[in-house]
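Trainee: Okay, here's what each chain looks like letter by letter:
2 protein chains.
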Amino acid sequence: MSQTFRHPEILEIARREGKVTVEGLAQHFGVTLQTIRRDLTDMAEAGRLERVHGGAVLPSSTTNIGYEERRALNPSAKAAIARACAAQIPNDISLFLNIGTSTEAVAQELLLHENLMVVTNNMNVANILVANPSCEVVVTGGHLRRSDGGLIGNLATDTIRQFKFDLAVIGCSALDRDGDLLDFDIQEVGVSRAILQQSRRTFLVADHSKFKRSAPARIASLSDIDAFFTDAPLPAALSQSCAIWKTAVSVSE
Amino acid sequence: MSQTFRHPEILEIARREGKVTVEGLAQHFGVTLQTIRRDLTDMAEAGRLERVHGGAVLPSSTTNIGYEERRALNPSAKAAIARACAAQIPNDISLFLNIGTSTEAVAQELLLHENLMVVTNNMNVANILVANPSCEVVVTGGHLRRSDGGLIGNLATDTIRQFKFDLAVIGCSALDRDGDLLDFDIQEVGVSRAILQQSRRTFLVADHSKFKRSAPARIASLSDIDAFFTDAPLPAALSQSCAIWKTAVSVSE
DNA sequence: AAAAAAATGTTCGTTTCTGTTCGGTTTCGC
DNA sequence: GCGAAACCGAACAGAAACGAACATTTTTTT
Chain A
1 MSQTFRHPEI LEIARREGKV TVEGLAQHFG VTLQTIRRDL TDMAEAGRLE RVHGGAVLPS
61 STTNIGYEER RALNPSAKAA IARACAAQIP NDISLFLNIG TSTEAVAQEL LLHENLMVVT
121 NNMNVANILV ANPSCEVVVT GGHLRRSDGG LIGNLATDTI RQFKFDLAVI GCSALDRDGD
181 LLDFDIQEVG VSRAILQQSR RTFLVADHSK FKRSAPARIA SLSDIDAFFT DAPLPAALSQ
241 SCAIWKTAVS VSE
Chain B
1001 MSQTFRHPEI LEIARREGKV TVEGLAQHFG VTLQTIRRDL TDMAEAGRLE RVHGGAVLPS
1061 STTNIGYEER RALNPSAKAA IARACAAQIP NDISLFLNIG TSTEAVAQEL LLHENLMVVT
1121 NNMNVANILV ANPSCEVVVT GGHLRRSDGG LIGNLATDTI RQFKFDLAVI GCSALDRDGD
1181 LLDFDIQEVG VSRAILQQSR RTFLVADHSK FKRSAPARIA SLSDIDAFFT DAPLPAALSQ
1241 SCAIWKTAVS VSE
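So the sequences go chain by chain: A and B.
Numbered according to this note's numbering, the first sequence spans residues 1 to 253.
Numbered according to this note's numbering, the second sequence spans residues 1001 to 1253.
Among these hints, one or two may not hold up.
What the hints assert, rightly or not - Just some of the chain A residues that point at chain B, by a computed CB distance under 8 Å:
hint	residue
1	G55
2	A126
3	L151
4	T159
5	R161
6	P216
Said to hold, decoys possible - Covered by chain A, per the in silico footprint, the following chain B stretches (three or more residues, Cβ under 8 Å):
hint	segment
7	1003-1014
8	1112-1126
9	1130-1140
10	1145-1155
Since the hints were derived computationally from the structure, they do not count as laboratory data.
Glycine residues also receive a C-beta, built at the ideal position from the N, C-alpha and C atoms.
Kindly produce the complete structure, drawing on both the sequences and the hints.
Mentor: Set out below in structure tokens:
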């Protein structure tokens, strides 16, 4: 409840001018710089503005800043995984790609494939594959998640149930030592499950950073996956399990 | 706070021009070349730009579909229509936007609206409205049409049937002298019909070029529309019809 | 009216940004 | 290929902006 009468007006000015300066606002309201700084920090914490040196700007249109950073994380490793995966994807099939930076990298590698029918719940994947003229792109419906361009919810699941895919390429948020695929978002898990159900074969793409993380929701087990593409050797125990499960493991680079 | 005032504006310029130069930016902002170089390296590290010798370009993955053509055709008229239309759209409603450059222009004008729930079968609209944090975006499923980023087919119609909208803003390919809304694509007509059925009110946006064209499939009549936003006076006969139909007509600049 | 809470002003040490210079690298015209 | 010009990043110093802590004023509560 730390609102002052200045906050709404600062917002209005920011909308009009595109930016506000500490100095300018201090003069405008007849208060000290420090007071304005406090205002701006409060408003930035509330997400109404984005703080910059000397003032503030409207929240960046690219809300998915965390996402951009993730995409930029280790692009070469991601690309290597994606290349290995794309090499195993034949032409002339129907294919699902779900949410995740890794699956986007796969989409990038599929630009030269032919006669694919790709269904996706990832806006970025659709945007990428639009550049492949011999590829039919179908987008599932769903609520658009700003953080990563994913389409989630019942609409997505319902759409997926209407298809049967030759192959699904999925990502996950984390992968634990027992070989369980985990995700942060319960809704997304429903979507992933539906995908696995509707697919004849399944590939998992995940870089080694996923080994270290954990997440609350369980999607499936590596035993349900036909091939796993990653960039670092698996722990010995898990590697053995994969052999038993007949899950092919491809370590790139 | 790892940003400066310049970053958002640089991004904006890059989006508009396709590229930015160190020299040009330095002049534009009145700072030294080195400062701009630092900006560009920062932004490149964050994945928002791609550095090239002498400047920077947009990252290749950020290819918004149809972005080029959108601004090509008489943008000022479209923007005027869109502004007039957006002014009639209240906050806090559910809203459908369909395919067409005109509806995309409306989306652009809705960036400052609040608490909208927007459903769309237009990828470009979704890409635009992602920038409005107080707007929930739902995408219908469908086959992606490359020419305009539209999502069409049964999937789209089915999704739409699951909603009831306070307002629908639609475009059309052509508008004949009898006041009939026409489209080139039969599938798209099915979608448009479904939209009209599920909406309490309906706005049509179409610039005057649509008057001269014709198209084979009939969507509906202007008599089914609550308000029509355009940029040139209607033929006298049609104007009279609209008065009888109680279809409001707004002619912008 | 007194006490408490909140907001604002003031000061000061620290961080961040910017311009300058310099040596190395890339690009471009020949 | 070769050399000049443009461009690049690193390093440094001065300036601007920052946040924390404390004092002061205003508002609210009791």
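Trainee: Which of the stated hints cannot be reconciled with the structure, identified by number in ascending sequence?
Mentor: Of the numbered hints, 5 and 6 do not hold.
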